[in-house]
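Residue numbers (my numbering), protein chains in the order written: chain A, 1 to 582; chain B, 1 to 559; chain C, 1 to 348; chain D, 1 to 321.
Don't read these hints as lab results, they were simulated from the structure.
This one's a predicted model, so the numbers in the text were calculated from it and none came from an experiment.
There may be inaccurate statements among the hints.
Between beta-carbon pairs, the in silico distance windows are [claimed, not checked]:
id	chain 1	residue 1	chain 2	residue 2	range
1	A	Q326	C	A110	41 to 47 angstroms
2	D	L251	A	Q316	27 to 33 angstroms
3	B	Q414	C	A13	46 to 52 angstroms
4	C	E169	D	I129	15 to 21 angstroms
5	A	G268	C	F87	51 to 57 angstroms
6	B	D434	C	F107	43 to 49 angstroms
7	B	V44	D	R124	23 to 29 angstroms
8	C	P44	A	E285	19 to 25 angstroms
9	D	F230	B	G58	46 to 52 angstroms
Computed list of lysine-lysine pairs in DSS-like fashion (alpha-carbon distance at most 25 angstroms, straight line) [stated by the list, open to error]:
id	chain 1	residue 1	chain 2	residue 2
10	C	K251	A	K400
11	A	K389	A	K375
12	A	K135	D	K68
13	A	K389	A	K367
14	A	K112	A	K135
15	A	K383	A	K367
16	A	K385	A	K367
17	A	K98	A	K112
18	A	K112	A	K155
19	C	K6	A	K434
20	D	K181	A	K195
21	A	K189	A	K43
22	A	K240	A	K208
23	A	K236	A	K43
24	D	K68	A	K43
Even for Gly, the Cβ is constructed at its ideal location relative to N, Cα and C.
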Amino acid sequence: MIRSRLLSFRLAGLLVLCSLVAGAHAQQDLLVSTAESGIPGGKLVAALRSEPRSFNPVTADDQVSVGIISRVMADLVHINRATQSTEPALARSWTVSKDGTVFTVKLRRGLKFSDGAPFNADDVIFSFKVYLDEKLHSPHRDLLMVAGKPLRVEKLDSWTVRFTFPSPYATLERVFDTVPMLPRHLLEKDYLEGKIDQAWGLNTPPDKIVGLGPFRLKQFVPGERIVLERNPYYWKVDSKGQKLPYLDELTFLIVPSQDAQVVRFEAGDTQVISGLSADNFVALEPQQNSRHFKLYDAGPSLEYNFLMFNLNDDTQANAEVAGKQQWFRDVRFRQAVSAAIDRAAIVRLVYHGRATILSTHITPGNKLWFNKAIKPPVHSTDKAKELFKSAGFSWNSSGKLLDRAGQPVEFTILVSSSNAQRSQMATMLQEDLKQVGITARAVPMESRAAINRVLGSHDYDATIMGIASGDIDPTSDTNVFMSNGQTHLWHLGEETPATPWEAEMDRVLQKQLVTLNYQQRRKLYDRVQEIEAEELPLIYLVTPDVLVGAQETLGNFRPAVLEQYTLWNADELFWRTPAGKR
Amino acid sequence: MNPGGRTLTSGIAASRPDGASPSAAALLRLADFSIDYLGSDGEVVSALRNVELEIREGEVLGVLGESGSGKSSLSNAILRLLPPNGRITSGRIEYRGKDLLALSQSELRQVRGAGIALISQEPALALNPVLTIGRQIIDVLRAHRRVSKEQAMEQTRAMLREIGFPDPDRISRAYPHQLSGGQRQRAAIAQSLICEPSLLVADEPLSSLDTITQAEILELLQKLKGELNLSMMFITHNAGVLSSLAERVAVIENGQMRACGTLDELSSLDDAYVRGLIFPEKDLGRVLVQPQEPNWSVTEEPFLRLRNVSKHFIQRHIFSRRKFAVQALQAIDFEIREGSTIAVIGRSGSGKTTLARCIAGFETPDSGEVSFAAEVANQSRGVVQLIFQDAGSALNPRFTAADAIAEPLVIARQASPDQRSQRVRQFMEEVGLDPSWASRIVIEFSGGQRQRIAIARALAASPRLLILDESLSGLDLPIQAQILGLLMDLQSRHGLTYLHITHDLNFLSRFADEVIVMDDGRIVERNTPAVLFQSTHPATRSLIEASERLHAPGLEVAQ
Amino acid sequence: MRQRGKFMFVVSALVAVHLLVLFAGFVAPYDYATQDRDHAYVHPTRVHLMDCAGRFHLRPFVYVTSLQEGALSDYREDCSQPAPIRFFTRGDEYLLAGLIPSQLHLFGVASPARLYLLGTDEFGRDQFSRIVYGGEVSLFAGLLAALLALVIGVLAGSIAGASGGWVDETIMRVSELFMAVPWFYLLLALRAVLPLKMDPVSAFILVVGVIGVLNWGQPARLVRGVVLSGREQNFVQAARGFGAGRLYILKRHLLPMTFSLALTQMAVLVPRFILAEVLLSFLGLGIGEPFPSWGNMINEAQQYHVLVSYWWMILPALVPVPVFLGYHGLADALREKLQSQVRFRGDK
Amino acid sequence: MIRYMLRRFGHALLLLVGVSLLLFILMEAAPGDFFSEARLSGEISPQTLHALRAQYGLDQPLPVRYLKWVSSAMHGDFGYSVAYNMPASTLLLPRARNTLLLTVPCLLISWLLAVPLGVLAASRRGGWIDRVYSGGTSALLGLHDLLLALLALLFALRTGAFPAGGMASLDVTGGLWVHWKDIGWHMVLPAAVLIVGSLAPILRHVRSTMLDVLDSPYMRAAEGHGINRFTLLFRHALPAAANPLISLFGLSTALLIGGSLLVEVVMSWPGLGPMVLEAILARDMFLVLGAVLLSTLFLIVGNLLADLLLYAFDPRIRTEA
C-alpha cells in the first residue's frame with residue numbers, strides 16, 4: 001500500500017529537492033496524509049502571545065515554547081486534534097500486551113532529521129533516557145511516570161523499541177503525544193557533560209536546532225519573530241504523493257496583547273488567529289467579507305470554569321474561614337448556590353452565546369467522554385431558596401440569608417485579575433447571590449497571589465477558577481478528582497477521603513485507570529460525572545467555545561478543541577491562491 | 001488734585017528761557033498721560049495722572065520724586081513696557097511727532113533701543129545672567145542694524161572702550177555675574193547706547209551702586225551727553241545728582257506733576273514739598289537732634305572689642321572642588337564703647353559687611369576674637385541686632401507687620417499672645433508707625449516703612465548694639481533723614497550702641513561719633529567725622545570726593 | 001477683574017463637581033451595581049421632545065427599548081411606550097452623603113422604561129450612575145494620595161533643604177532610591193496581607209494611599225530646591241539672629257514658601273494617581289467589582305471590541321478631563337494670584 | 001574633576017545596591033514565586049518543583065541569595081532568568097536596544113516639541129493660544145498611554161496609513177537604508193503615542209519656567225532695547241530658563257527604559273516591555289532585577305548628563321569662583 005503510493009510520488013517528481021533524495025525513498029516509510037491535497041508554496045504568519053522561553057524540548061514547559069517545538073519536532077504517537085484519537089507518527093505501528101503494561105513500537109525506517117542525519121531507535125532510547133533523568137527535572141518525566149514509577153525503555157532492534165509500564169495503564173499510547181524525539185547526534189555530548197538543560201536556548205544558532213517535525217528553525221529575532229522553514233526531510237506525503245508540508249515558511253510574530261493580535265489579524269499581517277475571546281469574535285464578525293477572512297466556532301472547548309468553596313480542613317488557624325466552612329461543607333448549600341446562578345446570563349453576556357452551560361468537568365467538546373444523561377443545571381431562585389431553607393438557613397427582614405446561628409451568610413470570591421471572563425462571571429455571581437440574600441464579594445487578585453492562597457495558605461472562602469484539560473482522556477484530570485491528587489483543589493492533602501462520595505470517586509477513578517476497555521471505562525466515567533453533578537465539589541459554570549479565524553483561502557484549516565487549536569496540522573495547511581502569494 | 005501744582009507747572013512752561021514753541025523742538029512729549037494698575041483683588045490704583053512733559057533735543061530732563069511717586073512707571077510706559085496689569089488710561093506719547101501709543105508692535109520695536117533707550121535701576125537684574133555681555137550688546141545692535149558679525153563685534157568693542165572699559169574683549173566675553181556692580185551698569189549703558197539712540201531714559205541708574213561708582217557713572221553720563229549730543233530723561237530721588245546734569249527738573253508727587261523748571265527755579269519756589277526733595281537736609285534740621293559730644297566716659301570697659309579678626313571665604317568649583325580663598329577681613333582691631341555710634345565706611349567689597357556679620361554672629365572669624373563687655377556677655381542672644389540693607393528682603397513678605405515685629409518675642413517664648421500684641425503696638429508707635437496697621441502684610445508697606453518695621457523688630461529683641469548694614473542707602477534722602485532721626489531718638493531713650501555701615505557719607509557728621517574707613521579688608525583710618533573730612537588717605541579721599549560730586553552744593557557733606 | 005472672575009469660576013466649578021460626586025446617590029438615577037441584564041451595552045438613551053407621531057411634548061420623555069432578536073446591541077424603541085422624565089423620583093436605595101438612607105433621585109423614568117444617559121456596560125449597568133459614583137472613590141483616592149505624597153514630600157524636602165549636611169544627603173539619596181525602585185511587589189505583598197473580606201473600596205483607597213506615600217521623592221526634591229534658596233533669604237537669617245531654632249524657621253518661614261509649588265504639584269499628582277488604577281488593575285490591585293471608579297471604567301474602554309463596537313464606553317475616559325482642567329486652572333490661578341500680588345506691589 | 005567623578009560614582013553604586021537590595025526584599029514579600037503557576041497544572045510533581053526551586057536557589061534564605069548575587073554581579077554576571085534559563089543580561093540587552101531605539105528619539109522629539117510650544121504659550125500668556133495649551137495639557141494628562149496606543153492601532157487598521165504594530169516588515173529586501181526606513185515607518189505610531197503621552201508634564205513645566213523668566217527685569221530690559229520677539233524668546237529667555245528644565249530632562253531619562261513598556265506591549269514593539277512585564281508577573285527575579293537596574297543606570301546617567309549640560313549651559317555654575 002505504502003509502496004504503491006510512494007511510486008506515484010516518484011512519478012510526480014515535482015521538486016528537484018525530492019529527486020535528489022529519491023534514491024533513499026525506496027527505504028523510506030512515509031506517512032500518507034488523508035487530508036485534501038494542496039498546492040505547495042507560500043508563507044503563513046501567525047501571532048504568539050509571548051516569546052518562546054526556550055527551544056529545548058527537555059526543559060520547555062510553557063505553551064508558547066511547546067507550540068514552536070511541536071512544529072519542529074515530532075512524537076512517536078500523535079493525538080489527532082480533530083478526531084481526538086491517537087494515530088501513528090514516527091511509530092509506524094505498535095502493539096500493546098494483553099495486561100496493558102508492555103507497549104512495543106515499530107519505527108518508520110529511513111527517516112532523517114532536518115539536518116539530514118538518520119533517525120533510528122537509538123534516538124528514541126536517548127530521548128527517553130533524557131526525559132526520565134531525575135536530575136534534569138524535565139516536565140515530561142512526571143507524565144511518563146505511572147503510580148510513581150518510571151516506565152522502562154528497551155531497544156529491541158534499530159527499528160523496534162519496547163516500553164514497559166510498571167502497572168497497567170488505560171491510555172498508555174496517549175502519553176507519547178508531544179514527547180519529541182531528540183537528535184542523539186547533536187545532544188548526546190551536552191547530555192553527558194550535564195549541560196543539556198542549557199542547550200537549545202534562544203541564542204542557539206537556528207541550524208543547530210534539529211528535529212523531525214514539518215518545519216525547522218530558520219531565524220529568531222529576539223522579541224520580534226520566529227521564522228520556520230519547510231523541513232525537506234519531513235516524513236509525510238499527501239494523497240497525490242506531494243511531500244508535506246506545503247508551506248515554505250511559517251512565521252510567528254510576537255504580539256503580546258490579545259487586542260493587538262486581533263488588529264494584526266484584521267489588518268492581514270497574520271493570517272491565522274487562535275484563542276479569540278467571544279468579545280473580539282463578535283467584534284470581528286462584521287469585517288469577515290471585506291477583509292477576506294473567516295471566523296470559526298470550533299465548538300465547546302475542554303476548559304471548565306467553576307466556583308469552588310474552600311473545603312480544606314487545615315483552616316482552624318483562620319477562624320473566619322473555618323466558621324464559614326460549615327455552610328460550604330453542606331451539599332445543600334452548594335446545590336442552593338448552584339441553583340441561584342444564572343448561567344444562561346453568563347453565556348449571553350460574557351460569551352455572547354458562544355459558550356455552553358456545564359454540569360460536570362467533562363465538556364460537550366469531549367466527544368468520547370461527555371455524559372449526555374446529566375441535565376444541565378437550571379437557574380431557579382425558588383429552588384435555591386428551598387434548598388437553603390431545608391439546610392436550616394433563614395432570611396431576616398431585609399432579605400439577608402442567615403444561618404442557624406443567625407449569622408448572615410457572607411463570603412468572598414477570589415478571582416484572578418488576569419482573566420477578564422472569570423472576573424465578569426464573579427461580578428454576575430455577586431448579583432445572582434444577592435437575589436437569594438447572600439453578600440458575596442469578588443476579590444480580584446494577581447494570579448500567582450491567588451494561586452498561593454488556593455494551593456498554599458488556604459486562606460480564602462470561595463474562588464472562581466478555570467482549568468483547561470490537556471487531553472480528552474479522563475486520566476489528565478485525575479490529579480484534580482482523586483482525593484490524594486496534587487491539585488485536589490477544594491481539599492488539598494487529604495490523608496483519606498473526607499466524604500463517602502470522595503471515597504467512591506477515588507475507587508471509580510482508580511478502577512478506570514487500569515481498565516482497558518473503552519465501554520467499561522466510559523461507564524465508570526459516567527459515574528464520576530454523576531457524583532460530581534450531585535455533590536458539586538466544584539460548582540461548574542460554563543465552557544467557552546474555541547474561537548479562531550483564518551484567511552478564506554487557507555486550505556485544510558481545521559480548528560480543533562484540543563491545544564494548538566489552529567496550527568496542529570500546519571504540515572497540511574496550504575494556500576488555495578497560487579503559491580507564493582498569501 | 002493739587003491746583004497749586006498745576007498752575008505752577010504751566011507757569012514754568014510759559015517761562016521757558018528760549019521761548020520756543022512747545023512742540024516744535026520737542027523730542028518726546030507726554031500729554032495728559034495717565035496710568036492705572038489693576039490690583040489682584042480688583043482694585044484700580046492710579047500710578048500717574050495727567051502728566052505733561054517734554055524733552056527737547058540735546059536736553060537732559062531730571063525727573064525727581066520720592067519712591068512710590070510713579071516715576072518708574074513713567075519710564076516703562078514711555079516704551080510701552082508696563083507689566084500686564086498696568087494700563088495707559090489716557091494721553092499721548094509723542095516721539096518726534098509720532099504717537100508711540102498708536103504704533104504697531106514692529107514699528108514700536110524700531111523705536112525701542114534705536115530711538116529711545118532705557119537704562120534700568122538695577123544693572124544686576126537688567127542683564128541676562130546666562131548670556132555674555134558682548135552677546136547682549138550685539139543682539140541689540142543686530143536688532144536694528146544690518147551688520148555682519150565682525151562689524152557688530154567691532155562696534156561693540158568700540159562702544160565698550162568708549163564707555164570706559166580698558167579691555168573690551170574680556171568684558172564682552174564675560175557674564176554679568178563676573179562683573180562688579182559698576183561694570184554691569186557700564187555694560188548696560190553700552191547696551192543702551194550701541195544703536196545711538198537720540199533719547200536715553202535712565203531710571204535711577206545710580207541708586208544700587210556705591211558712592212564712588214555712582215560718581216564714576218555720573219561722570220560717564222555727563223561725558224557721553226557732551227560727546228553724543230544725547231537727550232536724556234534722568235529719573236532719581238536724589239536732587240544732588242541733577243544739579244550737575246539736568247537742564248530742567250520735573251518734580252512728581254504721588255503720580256502727578258508738582259513742578260517743572262530748572263533747579264534754581266524750583267529751589268526758589270515757595271513749595272515745601274519741592275524744597276524738601278531738593279534740600280532734604282533742611283528737613284533733617286528738624287528731625288535730627290544736635291550731635292552730641294562724644295561721650296567716652298560712659299563706661300570704662302569697651303562694650304565690644306575686636307582683636308585681630310580675620311576672615312576669608314572659600315569658594316568651591318562644582319566639578320573640581322578646587323578651593324579659592326577670598327580674604328575678606330584682615331587683622332581687624334577696634335573697640336566700641338557703650339552708647340556711642342561708630343560709622344564704618346568704605347566702597348563695596350571693602351569688607352564692611354563681613355565685619356558686620358562677624359560681630360552679629362552670622363559668621364565665625366577664622367582667627368581673632370570678638371568679645372563683649374563682661375556684663376553683656378552673660379546675657380542671652382539678641383544683644384546684637386543687625387538691620388539689613390534691604391528691609392524688603394529682611395522681612396518675610398508673607399508676614400503681617402505684627403508677625404514680623406513679634407518674631408523675636410515668639411522665638412524667645414516671651415510674653416503671652418496678648419502681651420505680645422500690646423508690645424507690638426508699643427514698638428510700632430515708637431518707630432512712628434500707626435499701630436492700626438499691625439495686621440497689614442509687610443509688602444503693603446513702603447520701603448521706609450519697612451525699614452521702620454525692621455527697626456521695631458530689632459528693638460523687640462531688646463538689643464544693646466544695633467548694626468545698621470547699609471540700612472539707609474536704598475531709601476530716598478528725606479526718608480533716610482527721618483530714619484536717622486528716629487535712630488538717634490531711640491538711642492537716647494534706650495541707651496543703644498550703633499555700628500553704622502555705609503558707603504555714602506550723608507549725615508555722617510551729625511550721626512556718628514567716630515568713623516572707621518575700610519579698604520580691602522583692613523581698617524585704614526579711624527577718626528571723628530570732622531577730622532576725617534580733612535583726611536588725605538586716598539581711600540578716604542575718593543569716598544569724600546565722590547560724595548561731593550553727587551550732592552547738590554547746598555547739601556551738607558562735610559562740616 | 002477678569003482674573004478674579006476666572007478664579008471664582010474655577011473654584012465654583014470644582015466645588016460643584018465635588019458636591020455632585022458627594023451626593024452621587026441622589027444625582028445618579030440608578031445604583032452602581034444594578035444589573036439590567038436585558039439591557040447590556042445599550043447606547044445612550046435618546047431623550048425625545050417629539051414623539052413618533054411627530055407631536056411635540058414640553059416634558060422630555062424616553063421610549064421603552066428592547067433588544068432586536070439575534071442582535072448584540074441593537075436596541076429598538078417602542079413607540080407605544082413613552083415614559084416622561086420626572087424629577088425627584090423614587091428608585092434604588094442609597095445612603096445620602098454616606099449617612100442618610102434615601103430613595104429619592106434627582107431624576108428618572110418609570111419602569112419598564114430606562115434612562116441611561118451615557119449607555120450601559122456589559123452587565124447593563126448605567127454608565128452615568130457609575131461615573132458619578134466612581135468619582136467618589138477616584139477623587140477621594142486621588143486627592144488622598146496626592147496629599148500624602150505632598151505632605152511627606154514637603155516635610156522631607158524642607159527638612160533636607162533646611163538642615164543641609166548629612167541629613168540632606170541622606171534624604172536625597174533615599175528619595176532617589178524611592179524613585180528608582182518599582183513598587184509593584186510591595187503592593188502585591190500589601191494586598192496579600194490585607195484580609196480578603198476587607199471592603200474593596202477601603203482596600204483600594206489604602207493601596208492608592210500607599211502609592212501616594214511612595215511617591216514623595218519628586219515633590220521632596222522640588223521642595224528642597226525652594227527651601228535651599230529660601231534658607232539664604234535675609235529674613236531667615238534675621239530669624240536665626242533672634243535665636244530661632246530649626247523647627248521655628250522651618251515652620252514659620254520655609255514651609256510657607258513651598259505652598260505655591262505644592263499646589264502646582266497637586267494639580268499634576270491628582271490626575272496621575274487617578275489614572276494609576278489602570279496599572280493597578282493589571283496587577284489585580286484595582287477596585288473590586290461591582291464598585292465603580294474612573295480608573296476601572298477607563299480600563300473597560302481600553303479594549304479592542306469595546307472601542308470598535310460601543311463608542312459610549314469611551315466617555316468615562318473623557319469625564320475626568322474637565323476635572324483635571326479644573327485642578328490645573330485652580331493651581332494656575334492661585335499661582336498667578338500670589339505672583340501678581342508681589343508684582344503689583346513691587347512695581348510702583 | 002576626579003573627586004567629583006568619584007563622588008558621583010559612589011552615589012551611583014549606593015543607589016544600585018539600595019535598589020537591588022530593596023527589590024530582593026520586596027520580591028520575597030510578594031506572594032508566590034516563579035513555580036506557583038506550574039503547581040496548578042498538576043502535571044509537574046511537587047518533588048520536581050522542589051528540585052527546580054533548589055536548582056535555582058530559590059529555597060535559600062534571602063541574605064544568602066543576595067550575597068551570592070552581589071558576588072556574581074561583581075564578576076559581571078547579573079543572574080539567570082528562571083524562565084529562559086539564560087543570563088538575564090543576554091536576554092535584556094538586545095531588547096533594551098530596541099526600546100532605546102524607540103524611546104530616545106521620543107524623548108528628544110518631546111522636548112523639541114514641548115520647548116517651542118511652551119515658549120509660545122508663555123509668551124502669549126492669557127491669550128487663546130495659552131488657553132488651548134492649558135486645556136490641551138490637562139486633557140493629555142487625563143489620557144492614558146494604553147488608550148492612546150489602542151486608538152493608534154485602530155487608526156492604523158482603519159486607514160492602512162501605518163503598520164499596525166511591530167518593528168519591521170517581514171518581506172523587506174534591500175540595503176541598510178531600506179531596512180532603516182522600514183523601521184522608521186513602523187516607529188511612527190508608537191513614537192506618536194509615547195510623545196503625546198509624555199508631552200503634558202513637560203509642556204506645563206516649560207510654560208511655567210518661561211513665565212518666571214519672562215517676568216524678570218532683564219527680559220523687560222531686553223524688550224526695551226527693541227530686540228525682536230524670536231531672539232528675545234529663544235536666544236534670551238530660553239537659556240535663562242534652561243536650568244530647571246535640564247534637571248527635569250535628567251530625571252526623564254529614567255523613563256527611557258521604564259516609560260514605554262505598556263505601549264510596547266500593545267504596539268508589539270520588540271523591546272523590553274513584553275518580556276519585563278511578563279517577568280514581573282512570573283516573578284522571574286533576576287530578569288526583573290536586571291531591567292530595574294538598567295533603568296536605574298539610565299537615571300544615574302541622565303542625572304550626570306543633566307549636570308554636565310547645566311555646566312555647559314549655565315555660566316553661573318561654570319564660571320563660579
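Here is what the structure says about each hint:
| no. | hint | in the structure |
| --- | --- | --- |
| 1 | A:Q326 - C:A110: 41 to 47 angstroms | holds, 44 angstroms |
| 2 | D:L251 - A:Q316: 27 to 33 angstroms | violated, 52 angstroms |
| 3 | B:Q414 - C:A13: 46 to 52 angstroms | holds, 47 angstroms |
| 4 | C:E169 - D:I129: 15 to 21 angstroms | violated, 43 angstroms |
| 5 | A:G268 - C:F87: 51 to 57 angstroms | holds, 53 angstroms |
| 6 | B:D434 - C:F107: 43 to 49 angstroms | violated, 58 angstroms |
| 7 | B:V44 - D:R124: 23 to 29 angstroms | holds, 25 angstroms |
| 8 | C:P44 - A:E285: 19 to 25 angstroms | holds, 24 angstroms |
| 9 | D:F230 - B:G58: 46 to 52 angstroms | violated, 35 angstroms |
| 10 | C:K251 - A:K400 | violated, 54 angstroms |
| 11 | A:K389 - A:K375 | holds, 24 angstroms |
| 12 | A:K135 - D:K68 | holds, 23 angstroms |
| 13 | A:K389 - A:K367 | violated, 38 angstroms |
| 14 | A:K112 - A:K135 | violated, 29 angstroms |
| 15 | A:K383 - A:K367 | violated, 31 angstroms |
| 16 | A:K385 - A:K367 | violated, 35 angstroms |
| 17 | A:K98 - A:K112 | violated, 33 angstroms |
| 18 | A:K112 - A:K155 | holds, 19 angstroms |
| 19 | C:K6 - A:K434 | violated, 48 angstroms |
| 20 | D:K181 - A:K195 | violated, 42 angstroms |
| 21 | A:K189 - A:K43 | violated, 35 angstroms |
| 22 | A:K240 - A:K208 | violated, 32 angstroms |
| 23 | A:K236 - A:K43 | holds, 19 angstroms |
| 24 | D:K68 - A:K43 | violated, 48 angstroms |
Violated hints, in rising order: 2, 4, 6, 9, 10, 13, 14, 15, 16, 17, 19, 20, 21, 22, 24; the structure is consistent with all others.
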